[in-house]
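Quick note, the sequences are listed as chains C and U, same order. Each residue of the first sequence is one higher than the one before, starting from 2 at the first, in the numbering used here. Each residue of the second sequence is one higher than the one before, starting from 679 at the first, in the numbering used here.
Honestly, the hints are just simulated from the structure, not real lab data. Take these hints with a grain of salt, some might be off.
Restricting the straight-line Cα-Cα distance to at most 30 Å, the calculated cross-link-like pairs of lysine-lysine (DSS-like) are [to be verified]:
#, chain 1, residue 1, chain 2, residue 2
1, C, Lys183, U, Lys1214
2, C, Lys144, U, Lys1259
3, C, Lys64, U, Lys1259
4, C, Lys86, U, Lys1214
5, C, Lys183, C, Lys212
6, U, Lys1213, C, Lys144
7, C, Lys183, U, Lys1213
8, U, Lys1339, C, Lys144
9, C, Lys144, U, Lys1214
10, C, Lys183, U, Lys1263
11, C, Lys144, C, Lys75
12, C, Lys144, U, Lys1263
13, C, Lys115, U, Lys1339
Next come the chains, spelled out residue by residue.
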Amino acid sequence: MKNTFRPALLLAVAPLALAACKKDDDAAPVAPVAPTTPAQTATVTSLSAAGTTSATGQPVTAKHYTFFSLADGKQIAYTDSNSTKWDVGFRGTTIIVNGGTSGPGQGGAQVLAKLFADVATAPTTDYAVDAATGFAIPTGSGKGWYTYDATTHLISPIAGKIIALRTATGKYAKLEVQSYYKDAPATPSATTPSGYYTFRYAYQPSGTSLK
Amino acid sequence: MAQLLPSFTSHVLPLVLSAGPVLAQRAGAPAPADTLRRLDEVVVTATRTEKSLTDVPIPVAVVGAQQIKSMGALRLGDVLREQTGLSLVADHGQGIQIQGLGSEYTLLLLDGEPLIGRTAGTLDLTRVAVGNIQRVEVVKGPASALWGSDALAGVVNIITQKPQPGLRGSLRARYGTNRTADFGATLNAGGERMRFTLFGNRYSSAGYALQPASGTATVPPFASYTGQGRFTYSLSERTKFSLSGRYYLENQRSSAPTLTEAGTTEVIAYQSQQTDFNLNPTLTHRFAGDKFFATARLYYSRYHTRENYTYAVDGRYYDATYFTQTFLRPEVQVDYRPRPSQTLTLGTGWQRQTVEATRYDQRQLMQAAYGYTQYDWTPTTRLNLVGGVRYDGPSQYAGQLSPKLAARYQLRPWLALRGSVGRGYRAPDFRQLYLNFSNPTVGYSVFGTNQVQAKVAQLAAQGQLATDPATGQAIVYQSALTQAGSLTAESSLATNVGFLLEPKLASEALSYRLTVNAFRNDLSNLIETATVALKKNGQAVFSYRNVTRAYTQGLELENTLRLPRGFAVSAGYQYLVAKDKSVVKALAAGQVFRRNPVSLETERVRPGEYGGLFNRSRHSWNAKLFYESRPHGLTASVRAIYRGRYGFADANANAILDADKEYVRGYLLLNAAASKTLGPWLSAQAGIDNLTNYTDPAYISTLAGRLFYASLSLELGQRAR
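Isolated chain C (complex conformation):
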């Protein structure tokens, strides 16, 4: 085997090679596992999903979702909403994925209770899809990725909630929201501009490894 093979193929073949080795001779040195393509990881800071502020100072919910492509690592214009260019969309505390009622893609999501680093392999099943009855990433305090404190009116991303994603084009990714406030302050207050997502993600263009 050569490294010029496509990584996806490599992944599929590697275990077979390993098994074959074992069958022949248990004592034989284990064939090196072919390296998989490392996932593309990045951190996005203060991506705005906030609306405007009305003349009287009241926050107004954003008209459009803020679309983002995990594959390209950049924001996508809302005019491309009916395409598979974007993978996730943000508006207020709602996060949508490109699939089901939200878009034409194959997008799905599930929320795991794990450390970001511990989600080494993307699950291949159990993805929920955005539907009229509810989003793949549940909304509401304590239901999905955040809690809302009715006293302080603060939104806090719950530590250890990792969103496993199937992207618009059927690839796998994981995403962790780290802050909902502009510039991710350590102690936001009720007056800190909200609706600004700071998150990190890992995107795997081929296979399920999210390392």
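Following the hints, position chain U against chain C.
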């Protein structure tokens, strides 16, 4: 209540007097310092019959009038905060925490009848003046088997002074830091058959601001008035009538910069008034043969608050709210004592509560009939067993059966073991049953469970709910809605086990007592909010359901040592662990994490790092020294109260207490007071609370800093025998 049993009343009499040390001296009361509890003290809250404190099989603490006076206390909170195992908690008023359970789980009684008017579960202890209190009894552990709802963590029963023969009165004035002024007067008049007492109190303060820069007072200026009286009439040797009543009024004003709905910050003036009224006629009869003792009581109480908010600049209307609650309860209790070793208690009653408030649709009515029975049996001189059960049949939620069994065994003359198992419950409150609130700015709605089904149906019919385009059906979370519709009481199963050690000491002037109690409360069906439907505006419709399970457990010990020459020392300690069971489970499964708010890195929380429920101190202790010299008319006390660190709020994105910065620092309060007689009628007292001037403005609103005060009291008139 059966507290008029004559055979025991003689023990209580010396304490009944409204007087300070001066009077006690003249009355020729027994010599040893009465400041700490007496050995033969009688309590009524533990069994609803009179029983010696050392004989009750469940943990009870008693604070007598002498001690209250010696502490220089003004309000009930001042008294309770210095007791072992009790912590003050500020949440919409000053509440009490017993065995790690919040103030909504403690029943507050005034002479055996419940005080009403809670805000967010808290019954504000500053509403109760202590100037006419004979003693406060605190039962720890559930007492729903006798007292019904809310007696889950325990019961605080405030016993006021009973009318005595003779004519006398007292006046008392006290002034201190923050222009805190307290004026009290008592009057007692009585012959052989007819007697009465009157008590009046005015309590006011300029309040204080711990964070003046915020423009908001921590405690705004207030003035409150209490009028209280009791009239007793002996219809015959065996039949007695009593009528007691109380009226409380509090006015408070403040102003605060507020972010209005228009998005601008305006100074809003706030003006509130609270009134609290209760009336309690009671008839008792001892039947011939002295085997039956019957009590018939009627209790009525009304609690009302009104709050007006106006723009400070021009007095324009900004908002107004009100809340009115009434409580009516007739009750009959019969104690049957076929022989001295057995007492059978049977009681039955019916209660009717109404509530009317800004956020409720209409006047709401809640009724419940109930019955209870208790058998108190002493089969041998060493063993005492008390078993009881109560059934409450409320109109708005499922019936509640609350059993309890307690035992006390005198292992040695100086050592008694005691243990009890019982159930406690707390009924869903008015808010959980009847709230009808839609947030005008954000747009969510909250409905009490009593009407949530109808309200959701109504919203659906009005097309206000989000719909599923596939089916055209409104989006309703049916399982949560069903749960909300069948809301039931929160309940606990509790065990208390301990011992009472009272060695016989060489000298009569010396005495020592050690009480130790281990407790465990398993709570289930705790009520939390739940989303039941989704509105078209993207907001949720909330209601309540029974979900959470938690436990509290710990150990409490208390030492009391009476020394010669009028000294008495006491020391108490409580160890407490209180945890949410679902959090414990999630931690064990490795599913709880925390995020460093600066680095945004996440890590797993280890089970051992869980600090338990917020607002509970693992360690708390107190140490007190009392001194009393009758010949010199002198009393003095120094008290140290320590509250160990406790959780305040989550700061690392996992909603639980697990990091050092989520704790409020532990603190020590040092309080001292001294009094001296200045002649036959007059005495003076001076004191300092919070000697070290400890404050924590960001986290503790109830600590105003060092407080000086001085008072003068005048005692007039005839003395009791």
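Query - Distance restraint between Lys144/C and Lys75/C, which requires alpha-carbon spacing of 30 Å or less - result: 27 Å, holds
Query raised in the report: CA of Lys1213/U to CA of Lys144/C, is that 30 Å or under?
Result: Roughly 17 Å separates the two Cα atoms, so the pair holds.
Requested in this report: Assess, step by step, whether the Cα of Lys144/C is no farther than 30 Å from the Cα of Lys1259/U, and give holds or violated.
Outcome: Judged against 30 Å, a Cα distance of about 19 Å means the pair holds.
Query - Straight-line alpha-carbon gap Lys183/C to Lys1213/U, limit 30 Å - result: Satisfied, since the Cα-Cα distance of roughly 28 Å is no more than 30 Å.
Query raised in the report: CA of Lys1339/U to CA of Lys144/C, is that 30 Å or under?
Result: The given pair, whose Cα atoms are some 26 Å apart, holds under the 30 Å limit.
Query raised in the report: Between Lys144/C and Lys1214/U, is the straight-line Cα distance small enough, at 30 Å or below?
Result: 19 Å, holds
**Report entry** 30 Å Cα cutoff - pair Lys115/C, Lys1339/U
**Finding:** 23 Å, holds
Query raised in the report: Taking 30 Å as the top limit, are the C-alpha atoms of Lys183/C and Lys1214/U close enough?
Result: 28 Å, holds
Query raised in the report: Straight-line Cα separation of Lys183/C and Lys212/C no greater than 30 Å?
Result: Between Lys183/C and Lys212/C the Cα gap is close to 28 Å, so the pair holds against 30 Å.
**Report entry** Given hint Lys1263/U paired with Lys144/C - CA-CA distance at most 30 Å
**Finding:** 18 Å, holds
Query - Hinted pair Lys183/C and Lys1263/U, Cα distance within 30 Å - result: 34 Å, violated
Requested in this report: Could you grab the alpha-carbon distance between Lys64/C and Lys1259/U and see if it respects the 30 Å cut-off?
Outcome: It is violated: about 42 Å lies between the C-alpha atoms, which goes past 30 Å.
In summary, the structure is inconsistent with hints 3 and 10 from the numbered list given earlier, while agreeing with the others.
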